[in-house]
Amino acid sequence: MSRLGLFWISHLIIIAIALIGLWVSVSIWLRGKVNGRADLSVGAKIVALLKITLSTIFSAGLWPLLKAFILDGLLHRRLFQEDKLRWVAHASMFLAFLFLGILSTITGFFEEILKHFLHIEHPLVLLITDKDTPLMALMNEIGGLIIIFGGIIAAVRRFIVRPAQLRTTAPDTLLIVALLAIIVTGYPIEAMRIIFEDVPPSLARYSFVGYPLALLIEPLNWPWESIHFWLFFFHVGICSLSLLYLPFSKFFHVLVSPLVVAINASNTWRPSR
Amino acid sequence: MSSINLSHFSFKQLMELDACTRCGECIKWCPTFAEAERDEITPLDKIHTLRSFAKGQYGGFLARLFGYRPPTEESVKRWSRGTYDCTLCGRCAVVCPVHIDTRSLWIAMREQLVELGSYPQVMDTLRENVAAHYNISGDPAEDRLIWSENLETVPEGVRGKEQAEVVYFVGCTVSFYPLTYGIAQSFVRILEKAGVDFATMGVEEWCCGFPLIIAGMGHSAKELIAHNVAAVRELGAKTLIASCPSCFHTWEHTYPEVLGEPLGFEVKHTAQFLEELIAEGRIKLGHFDRPVTYHDPCDLGRTSGVYDAPRNVIRAIPGIEFREMADNREYALCCGGGGDVEMADYDLVAAVSKRRLQQAQDTGAQVLLSACQQCKRTLTACARREKVRMRILDVVELVDRVLEE
Chain H
2 MSRLGLFWIS HLIIIAIALI GLWVSVSIWL RGKVNGRADL SVGAKIVALL
52 KITLSTIFSA GLWPLLKAFI LDGLLHRRLF QEDKLRWVAH ASMFLAFLFL
102 GILSTITGFF EEILKHFLHI EHPLVLLITD KDTPLMALMN EIGGLIIIFG
152 GIIAAVRRFI VRPAQLRTTA PDTLLIVALL AIIVTGYPIE AMRIIFEDVP
202 PSLARYSFVG YPLALLIEPL NWPWESIHFW LFFFHVGICS LSLLYLPFSK
252 FFHVLVSPLV VAINASNTWR PSR
Chain X
29 MSSINLSHFS FKQLMELDAC TRCGECIKWC PTFAEAERDE ITPLDKIHTL
79 RSFAKGQYGG FLARLFGYRP PTEESVKRWS RGTYDCTLCG RCAVVCPVHI
129 DTRSLWIAMR EQLVELGSYP QVMDTLRENV AAHYNISGDP AEDRLIWSEN
179 LETVPEGVRG KEQAEVVYFV GCTVSFYPLT YGIAQSFVRI LEKAGVDFAT
229 MGVEEWCCGF PLIIAGMGHS AKELIAHNVA AVRELGAKTL IASCPSCFHT
279 WEHTYPEVLG EPLGFEVKHT AQFLEELIAE GRIKLGHFDR PVTYHDPCDL
329 GRTSGVYDAP RNVIRAIPGI EFREMADNRE YALCCGGGGD VEMADYDLVA
379 AVSKRRLQQA QDTGAQVLLS ACQQCKRTLT ACARREKVRM RILDVVELVD
429 RVLEE
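Keeping their order, the protein sequence lines are chains H and X.
Numbering follows this note's numbering, with no gaps: position 244 of the first sequence is 245.
Numbering follows this note's numbering, with no gaps: position 293 of the second sequence is 321.
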């Protein structure tokens, strides 16, 4: 089996297990009451939830819901009011990770599906799949640094400052380590790619962390392409394992909390006077 | 091994378990944790305990792989202690960065704990009292109007009317706990002076059901709800007024939810009604020149969203000097009297109320006002215990004192 085949098979298995984990969590939610009724079947509950969702979308309640989703669910207005430093740490990690995640997904889709599978050579496809365009290089490098910045604040707060309200358990530590490992491995991966793809300095310099690192390690003259593959495998592996752990870890809040914020904002009897 | 029944929770509440970020912001604001310092009281711990139980029981192999375990008898006992040592003040919901609706979650947890048989047994006494006498104190139901016995003149509305525009729902605390009789006495005097066509329900007033609902025994409240609504409808009232914020909240929000239909009349808290009477010029207030502060009752403020009405009433009194406490409005510290904690852990209530009383003293006010009989009871008991020279009154009582002929 080729290395690429091994890569895809292993990651597809992990993604499949992650989806099962996601369903496990959703199935637990579906054991709860919908419209005040617990006696409905799972199917009937899903239908009722869809009806509620659709009726909210096509109602005047959509705007407050969207407003809460964006301002409170994604931008965390309340956290900003409570503690600016925590907001900076969280926003750095969350928003930059969200941005890089979306960017990686789009890049991956363009690379694997449009370019290699469908052989589309449109300039937009070439632009997005070219990691050496200044825009793509800068976005990846800056995004990574922002996450590291936020991660360092979070780690210092959790392990050095240790505010009284924080309860640090092994999974909390594991998640910070995983997040930083994903980002930190990204830079040597980029440096090795610059070396074995022989990216010209005029383009490589936009990878303002990866390029200096490439200049630093290049004299070692190691088999960079092979090391690159395995480090990339490790990098994506942590991403996939984090995905697998997601529904069972506190990271699940990344997906669930914006929804909860929006749902609670649409709850009309809550205090408004 | 205990088994968790997730049908006590809504789909959204089970989602909320997964929305918690473990940031611990709630811990900073929890009034009972601040005093007891037991981790099981913290909102974070309660949420994660239930999450762990749910995933451990229903999550299959994957959840077990990640360390989730079904509940054990010991872990349920710990969860119960934390859940019942909560005043349901709801401050954690105000500060939660992901807006978890904690208060209703704690009530659902209590329902689950009642089903598991893991709850303070004193709650059974509460249930028995309400079932036998339709009130929380266990006094004979016929004594409902005992608070009115030493009124100089008993208004017609208290003696009993067949029809009235306004129904005054007195509440169990004011009806049976002498320390708070004054609230009802003051309010009926004001109603009389304002010329309001009102009636009390007399012996037909049954407990609103709130103490049972928050104890996790909501199913026992259905009969009370049906009876009370029918009694008010029979009086043909257009408005129901409650001086107890918990009764007010239950009438306004829980009753229509349980009945599945609108009540057909308005529900107001005394502070809101007084605000209207003042605005309409139906009562005139005299001078009061002592500095006062105001304690927001949890069920009036955070739970029902009424912050301005009592403040507007206070500010309408000529010459009054109103001073806010450090924690006010949605951030107000609980007096300790909520959540049925008093029945199971009085020392904890005493510790929480002491902190709140200190905040009131820090303002330099001579009078501590509130708009809740339970807050008045709790804070007065604290002031007596701590020998603090501060007068604790309900807003209604202050208005009665300054009412001009």
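Calculated directly from the structure, the hints in this document are not laboratory data.
Computed from a predicted structure; not experimentally measured.
A hint or two may mislead.
Derived lysine-lysine pairs resembling DSS-like cross-links, with alpha carbons at most 27 Å apart [as the list claims (entries may be wrong)]:
#1 H/Lys34 / H/Lys52
#2 X/Lys250 / X/Lys189
#3 X/Lys250 / X/Lys221
#4 X/Lys105 / H/Lys251
#5 H/Lys85 / X/Lys266
#6 X/Lys189 / X/Lys266
#7 X/Lys382 / X/Lys312
#8 X/Lys105 / H/Lys34
#9 H/Lys132 / H/Lys251
#10 H/Lys34 / X/Lys250
#11 H/Lys251 / H/Lys34
#12 X/Lys221 / X/Lys266
#13 H/Lys132 / H/Lys116
#14 X/Lys221 / X/Lys189
#15 X/Lys56 / H/Lys251
Evaluation of the provided hints:
no., hint, in the structure
1, H/Lys34 / H/Lys52, "15 Å, holds"
2, X/Lys250 / X/Lys189, "26 Å, holds"
3, X/Lys250 / X/Lys221, "36 Å, violated"
4, X/Lys105 / H/Lys251, "24 Å, holds"
5, H/Lys85 / X/Lys266, "49 Å, violated"
6, X/Lys189 / X/Lys266, "15 Å, holds"
7, X/Lys382 / X/Lys312, "35 Å, violated"
8, X/Lys105 / H/Lys34, "25 Å, holds"
9, H/Lys132 / H/Lys251, "32 Å, violated"
10, H/Lys34 / X/Lys250, "19 Å, holds"
11, H/Lys251 / H/Lys34, "23 Å, holds"
12, X/Lys221 / X/Lys266, "20 Å, holds"
13, H/Lys132 / H/Lys116, "14 Å, holds"
14, X/Lys221 / X/Lys189, "18 Å, holds"
15, X/Lys56 / H/Lys251, "20 Å, holds"
The structure is inconsistent with the numbered hints 3, 5, 7, 9, although it conforms to all the rest.
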